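A.B. asks: Here is how the chains run, residue by residue.
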Amino acid sequence: MTNHWVDIKNANLVLIMGGNAAEAHPCGFKWVIEAKHNNKAKLIVVDPRFTRSAAMSDYYAHIRPGTDIAFLGGIVNYLLTHNKIQTEYVRNYTNATFIVGEGFSFEDGIFSGYDEAKRKYDNKSWSYEIDDEGFARVDMSMEHERCVLQLMKKHYSRYTPEMVSKITGTPEKQFLKVCEMVADTAVPDKAMTIMYALGWTQHSIGSQMIRCGAIVQLLLGNIGIAGGGMNALRGHSNIQGLTDLGLLSTSLPGYLTLPTDAEQDIDTFYKPRALKALRPNQMSYWQNYPKFFVSLQKTWWGNAATKENNWAYDYLPKADKVYDVLQAFELMNQGKLNGYICQGFNPVGSFPNKKKVVAGLSKLKFLVVIDPLNTETAEFWKNHGEFHDVNSEEIQTTVFSLPSTCFAEEDGALTNSGRWLQWHWKGAEPPGEAKGDPEIIAQLFLRIRSAYAKDGGAFPDPIVNLTWPYKTPGNPSTEELAMEYNGKALADLTDPKDPTKVLAKAGEQLSGFGLLRDDGTTTSGCWIYSGAWTQAGNQMARRDNSDPWGIGQTLNWSWAWPANRRILYNAASSRPDGLPWDATRKLVFWNGTSWGGSDVPDINPAANPADADRVQPFIMTAEGVARLFAPSGMADGPLPEHYEPFESPLDANPMHPQNAKARANPAARVFKGDLEAFGTAKDFPYAATSYRLTEHFHYWTKNVKTSAIIQPQQFVEIGEALAKSKGIANGDWVKVSSNRASIKCVALVTKRIQTFDCGGQKVEMVGLPNHWGFVGLAKPGYLVNNLTPFVGDANSQTPEFKAFLVNIEKA
Amino acid sequence: MSSLQSLDIAARSATTTATPHARSTMEVAKLIDVSSCIGCKACQVACMEWNDLRDEIGHNVGVYDNPADLSAQSWTVMRFSEVEMPTKDEGSRLEWLIRKDGCMHCADPGCLKACPAPGAIVKYDNGIVDFIQEHCIGCGNCLIGCPFNIPRFSKKDDKAYKCTLCSDRVSVGLEPACVKTCPTGAIRFGTKEDMHEFAAERITDLKERGFENAGVYDPEGVGGTHVMYVLQHADKPELYHGLPANPTISPMVSVWKGVTKPLAVAAMIGAAVLGFLHYVKVGPLNSDEEKDKEEV
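Sequence order for the protein chains is A and B. Counting from 1, one number per residue, gives the positions in the first sequence under my numbering. Counting from 1, one number per residue, gives the positions in the second sequence under my numbering.
Hint data in this document are derived by calculation from the structure and do not stem from the laboratory. Note that the coordinates shown come from a computational prediction; the quantities given were computed from them, not determined experimentally. Just so it is clear, CB atoms sit at the ideal spot from N, CA and C, and this is done for glycine as well. Misleading hints may appear alongside valid ones.
[Stated by the list, open to error] A few chain B residues that don't get close to chain A, going by computed Cβ distances all over 12 Å:
1. Ala11
2. Ser35
3. Arg54
4. Glu82
5. Ile132
6. His135
7. Ser154
8. Asp157
9. Ala186
10. Pro247
[Unchecked claim] Heads up, simulated SDA-like pairs for lysine to any residue below, C-alpha to C-alpha not over 20 Å straight-line:
11. B/Lys88 with A/Gln174
12. A/Lys177 with B/Lys155
13. B/Lys155 with B/Asn51
14. A/Lys177 with B/Asn51
15. A/Lys751 with B/Lys155
16. A/Lys177 with B/Val61
17. A/Lys735 with B/Lys155
Working from the sequences, and respecting the hints, build out all of it.
C.D. replies: See the structure below:
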């Protein structure tokens, strides 16, 4: 979230799209209710199904799965053509004014720089025009034909209401009603918040859907303000913590990234990361990349990380490609990956094309499952009849199950969607032989380390030199780990402006990442978490909910990254002269001498708005402003464009009917063999989508009796028209098939799923709730991921669980 | 539940003795704002947890309602209704009305009136209607008396069960478990007066959003209820999974209470007398058993 849960109460309009907050985030949804009851907010829900969120909405529009960019692009077009943008915000705080180089083009659905053989873009031609001083050229009138605003006008002019309706199946009237309601928030004193979740991420164009939402918000001036923002609702209680701490194959903590193969020396590594400002006087905060990186290396390798060895840069693996989960299972299937540790992860349930996932696990030498509950992954080798029909004798994988603890059985911090790190205390001792995850990992590590110490190996240094400063080496405490990610001073840190002033003494916990140094005198295991456990103690354990400004800004409740800032880009809540756009929802503003207000300013507190080159509020970008057009950072284009899901009921992309290359995302990675496993509308005529229900949490709560009672058995949802044409009555057993497998379950016939009219072509949809599997207390069921396709988003590689093709018939 | 000392009993089934009145108790109510209910069923789970109930892990019968009906183990269930409502500009609009079903705690409880077992059903001064299972004879009259089809019988003990409005919690100053759990604040608890006041706020908001017939459900036919609903369409309560528009106590119960009850009481006394005579003549029931033991 750019904002946070409580802040949703400040919204005038809530748009839930690509998510189902009432269903999947029932506790957080209370803030939508709060906005409705106490702020007269309206709620719009745009979703393929009439969901529990839709049941709470003031306006609902239905949309064919996977067509959100068409809908949002249509909104962009509406805002631009009706001049419903917050013009001064757009002019000053976005790159609408920036001039893109002459080499950029977009033809027949493909951006310039495309390499068809590699399915990859070279983004050089997407760059800005650079002047002699190395700064990007801008046109503050926003009239230059190659300035971003004009490029966008051209790009989105194709997203007419007729075209939107043809692609999305949303009636034009419904689409336009949503446009009008959204456009009302283009004024400074109205805010819309967008709440989204996996309904946007789980597509082959998921990252661009989210970007398109952000573009809408930027045009409306709704980013950086109370009641606004782009708010990702995180699914697990600590999935935000997972990404923050870099638990992805090529990530490092704090959104630093692992070097690639081409980056064998540290300067090459820094160059694309420590970005120089693209406009005069901008903070371009990633300039500090070396400080964050060296502090991380010092945390991990202590005295072994020296200036001479470039802070142990060679200890880091250099990635030849992304090793996401799809890649890992592809490699298992190729026999190139033969051991796997699953910690708090159930890929047999959670990853697409179960057949391929199970085939991969079956080729492993060993599999370790660390989980508090029994999972399908731990039992992948066991025959469970029709629900999981494998031949155990043919599977030679050794499986180790290590029982771990549930959240209520351990102390520690969870990071919520709003980036708050909230410390919690254990409520019960774990049962049986269960151990906490730190203990399990520590025990594994100590054994691996002693094996390396004893036997050597190709490159033992990163393992044997890893710091391990915990009082009980075999069981590090969560307090120690938290203090470690905050970081400490390794020498006295003096004020660069006044060397007599000591800011932190050697050995002290740091007060924040502002103190981090690139000379090896500081540590921080995750720079964005610096400030969470200071010399004053555990900031995450704070529980003072006072709200002095009355807008839900409780700065003394827990601790939020970065720097306890609750709303990101909050300096954009004030006009270029430093005064709030809307005096009734003040975040931070210039008081004549410094920035201050109800939040921690997201700008240098001394940055005077009257300066010739004003410091701009989007301090993380090299531009200082937000990017409507992304000259870098996206694998699949600088502007979001609609592509069909890889399995689509439409023969062609209505945007580019003549170009088969632009049917689905041209830059998405597709493994050999998976292309053949995609089905076509001829055999599998119905759009399908998979989703969660409020009664269950993923595949865990089917182990819980109360949850099993309130939603006991697998079902599939279909509309009345499809049910009638197939002779399926409510409660009948049905067989649902994709090109990969088929499942059987009960049919739930509902008015909440309606036929999509896509320019005359009628598209029916089948809705597949997850949650059931072959272990647990609930009635056994088929994992829905028997059916889903093995392809992911071009940027994040998140699988396309939300749009694929199936057939359905009476069982 | 058994009777709770800090709650005065205002009415007791099949009882003619006077009820205590020394203490002044406020009338309470639970208000269920259907327009803010997301149907998450947290209230169902809270009810199971607090009351130590666990229903069967059942089947999906083509609806979201699970368990599919109230039972001795499920004292509250969510009822989901899909309705198409006419609108001014778009023809019709789909609504998914989700109503938490359970005992309404009527001011004039048909169950209590119908119950022939002395003290098996009580109404406390604060308005809560409670079943005292140890006095229940399993006759089923409460179900005939109830205009909302609420009480359910346990196969294990043949006694009737229903929502107690957490009388045990309320008696010590706590809100019912479902109220405490509700994540959106759709279920509220307080004095009946405060609940009406809050309902009025909600109704104003709903009317502003175009629900012209929004209103509170507190039906007069049963003297008002201590569980009330805020409904978007208060003119059509039947839309909400058949919530009765004008609930009244079955005439059969009124007949029983009016004309036939004295006769029935006479019959019961007669039965007791006959039983006594039988005892005098034949002796205690277990005499045969004792004889058997002696023979062994």
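A.B. asks: Look at each hint and say if it fits the structure.
C.D. replies: How the hints compare with the structure:
1. Every Cβ of chain A is farther than 12 Å from the Cβ of B/Ala11; the closest lies at roughly 34 Å, confirming the non-interface assignment.
2. At the 12 Å boundary, the C-beta of B/Ser35 falls inside the reach of chain A, the nearest C-beta of that chain being 8 Å off.
3. Non-interface call for B/Arg54 relative to chain A: violated, since the shortest CB-CB distance, roughly 6 Å, does not exceed 12 Å.
4. At roughly 5 Å from the closest C-beta of chain A, the C-beta of B/Glu82 falls inside 12 Å, breaking its exclusion from the interface.
5. Residue placement check: B/Ile132 keeps its beta carbon more than 12 Å from all beta carbons of chain A (closest about 26 Å).
6. For B/His135, the non-interface assignment is confirmed: its Cβ lies about 29 Å from the closest Cβ of chain A, beyond the 12 Å cut-off.
7. Remark: the non-interface label on B/Ser154 is consistent with the geometry, its nearest Cβ contact in chain A lying 16 Å away (cut-off 12 Å).
8. Residue-level check passed: B/Asp157 sits 20 Å from the nearest beta carbon of chain A, beyond 12 Å.
9. The non-interface label for B/Ala186 is inconsistent with chain A: the shortest C-beta to C-beta separation is roughly 8 Å, within 12 Å.
10. For B/Pro247, the shortest C-beta to C-beta distance to chain A comes to about 25 Å, beyond the 12 Å cut-off, and the non-interface label holds.
11. Of the pairs offered as hints, the one joining B/Lys88 and A/Gln174 holds, with about 14 Å between alpha carbons and a cut-off of 20 Å not exceeded.
12. Distance restraint check for A/Lys177 and B/Lys155: the Cα-Cα separation of roughly 54 Å exceeds the 20 Å cut-off, and the hinted pair is therefore not satisfied.
13. Distance check on the hinted pair: B/Lys155 and B/Asn51 sit about 18 Å apart at the alpha-carbon level, within 20 Å; holds.
14. Between A/Lys177 and B/Asn51, the direct Cα distance comes to roughly 47 Å. Violation of the 20 Å bound is thereby established for this hinted pair.
15. The straight-line distance between the Cα atoms of A/Lys751 and B/Lys155 is roughly 36 Å, outside the 20 Å bound, and the hint therefore fails.
16. The hinted pair formed by A/Lys177 and B/Val61 fails the criterion: a straight-line CA distance of about 36 Å is larger than 20 Å.
17. Note on A/Lys735 and B/Lys155: the hinted pairing is violated, with a Cα-Cα distance of about 36 Å set against a maximum of 20 Å.
Hint compliance for this structure: hints 2, 3, 4, 9, 12, 14, 15, 16 and 17 are broken, all remaining hints hold.
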